[in-house]
Amino acid sequence: MTNVMTDWDLAAITALLPIAAVMTVLQKNPYHALVVRGILGAIAALVYALLGAADVALTEALVGTMLAITLYAVAVRSSLVLKLGIIAPVDLPEISIENGSQNGQQNGETEDLVHPVSQPLEDMFNLIHSFEDPPELKPLLADLRVFCDRHSLRLELHPMPDRQALDYAMETKEVHGVALLNGDSAAHPYSVTVRVDRLYELMQTELNPAIATLDTTTVSLPENPLMSDTSSR
Amino acid sequence: MNWILGPMLLILLIPIYETFQDKDIWQKMLAFASVSTKTSIMILVISVLRDDWMIGLVGVLILSVGNASLMLLAQVLKRVNEL
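Chains as they are written, first to last, in the working numbering: chain A, 1 to 233; chain B, 1001 to 1083.
Honestly, I wouldn't trust all of these hints.
Once the Cα atoms are required to be at most 27 Å apart in a straight line, the calculated DSS-like pairs of lysine-lysine come out as [to be verified]:
1. B:K1023 - A:K173
2. A:K83 - B:K1023
3. A:K83 - A:K138
4. B:K1023 - B:K1078
5. B:K1078 - A:K28
6. B:K1078 - A:K138
7. B:K1023 - A:K28
8. A:K138 - A:K173
9. A:K28 - A:K83
10. A:K83 - A:K173
Keep in mind that the hints were calculated from the coordinates and are not lab data.
Next up, chain B with everything else stripped away, as it sits in the complex (with noise of 0.2 Å):
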């Protein structure tokens, strides 16, 4: 199953790429989003090909937390829009 972390890897690659072509803030969000739910899973792959429960439960953690704080951010973002 070691294998699977190489195409994660090029997967992972596709929204930091697109970090640096856009210019339009909410595309950086998506890509943003983007990157921290996929690092989480891939700390959870890792977690059970270690077969390591510590690391899979930070992996759970930074996937809650990671959607959170980007919900925070849009809203002060959303915020500086309006204004």
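Bound-form chain A, shown alone (with noise of 0.2 Å):
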């Protein structure tokens, strides 16, 4: 093989991975990690490419750039959120199969076979996005956003018919806290229950205190059977 590049570009290019590595480590936010880490990938696979190991880098660019990040990417997305309970009429509109059939005929034959499936779906999907918030809860909801936005958490609002629900939904973890409306004689116009020792933590810091007041509980399920069963073993 001649040698076709000079060792002085050979270094200025490997040069390149430790500092993608540096602008890996550095980011805080993790979708921003993410994206960074999908030039890391490109930039090793360059590498590996100049220094001849072509079927390295083709797994480098394959696994470890394509298959880790997309994972990666719904794994953050599914753990970092904050799932506040709220009390909030909900109204469900009228799924039923009927309605999507009803539109499959009067759309043609070959519509009937998508619509009857998609369209309650599509309902269910509108349902959660078009969910807006509360306006009673405006300003608590407003602060909580911005203390969301701070921690790169998403804040996913499960609105429940009444109390009784609202501590179902806490006692089976459904949630990590409720936000709740006080009466109008109260010092603080709406408390904020958390379950998550380390929320509690930092929204006692961080979280308006003339808005809300903060509290913390702990929820213990009934040990599954499974588990204890495991564990005794």
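Assemble the dimeric complex from its two separately framed chains, guided by the hints.
What follows is the structure in structure tokens.
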């Protein structure tokens, strides 16, 4: 093989790898770190190909960049979330299969195959996305959104019809916390209860104390019989 | 033709510098797209310079796969921003 590259070229390109690695480590937001990890993967593939390891470069691009980033993006998205239970009227639209099939008949036979299934799903999707902040909770939610943005959390509101449902959601660990409206006579307009210790610590220092009182609670589920079985053996 | 790698390296540094600057995630995605395309083109150039078809094939594969991973990541990020 003729030596087509000078040592300086090789060294300069290889030096990009530690630069990209340091950049990845310095990212604060996990999503930004994932994107920079992609850049690191692209540069690593270049260096491997440059040094003659074409198979390693291909593996880095396929597994290291594509698969790892996609899996991590899904994992970060599902784990970095603050589920907050609130009391709000939930008006579920009438979702029925009939609705979809009627549409299909009106629109012709070709869409008849598609609509009966996709229409209810679409309705559900629109319901989740069209749920707007209840006006009486707006000041608290604005404060919470600032808090969530700072820690790159995603705020997910779980509207419940009444207090009982809210308590049940807390007991079954369906939500991380609940936000309630205090009466007009109370000193603070809202009260927030969280069951995650770390969230409580962070909120204690960062949430505006004039808006809401903060409380923590521990939820202990009755132990799963399967789990206790294995642990006792 | 060896001199071409030097300018290519300098051009590659532009989007890398860009990722340092930007706070917006979509700007970072643009920089990622730029870097992944530029590195695969560099791999193709190296394969031509060395007359090595194996590296050339890998370069083509990385060029297409890099864009696929970019689109997958963009889909996930878009859903995160919507919610």
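Right, here's what the structure says about each hint:
{"no.": "1", "hint": "B:K1023 - A:K173", "result": "violated, 34 Å"}
{"no.": "2", "hint": "A:K83 - B:K1023", "result": "holds, 26 Å"}
{"no.": "3", "hint": "A:K83 - A:K138", "result": "holds, 16 Å"}
{"no.": "4", "hint": "B:K1023 - B:K1078", "result": "holds, 16 Å"}
{"no.": "5", "hint": "B:K1078 - A:K28", "result": "holds, 19 Å"}
{"no.": "6", "hint": "B:K1078 - A:K138", "result": "holds, 25 Å"}
{"no.": "7", "hint": "B:K1023 - A:K28", "result": "holds, 11 Å"}
{"no.": "8", "hint": "A:K138 - A:K173", "result": "holds, 25 Å"}
{"no.": "9", "hint": "A:K28 - A:K83", "result": "holds, 22 Å"}
{"no.": "10", "hint": "A:K83 - A:K173", "result": "holds, 10 Å"}
Going down the numbered hints, you'll see the structure goes against just number 1.
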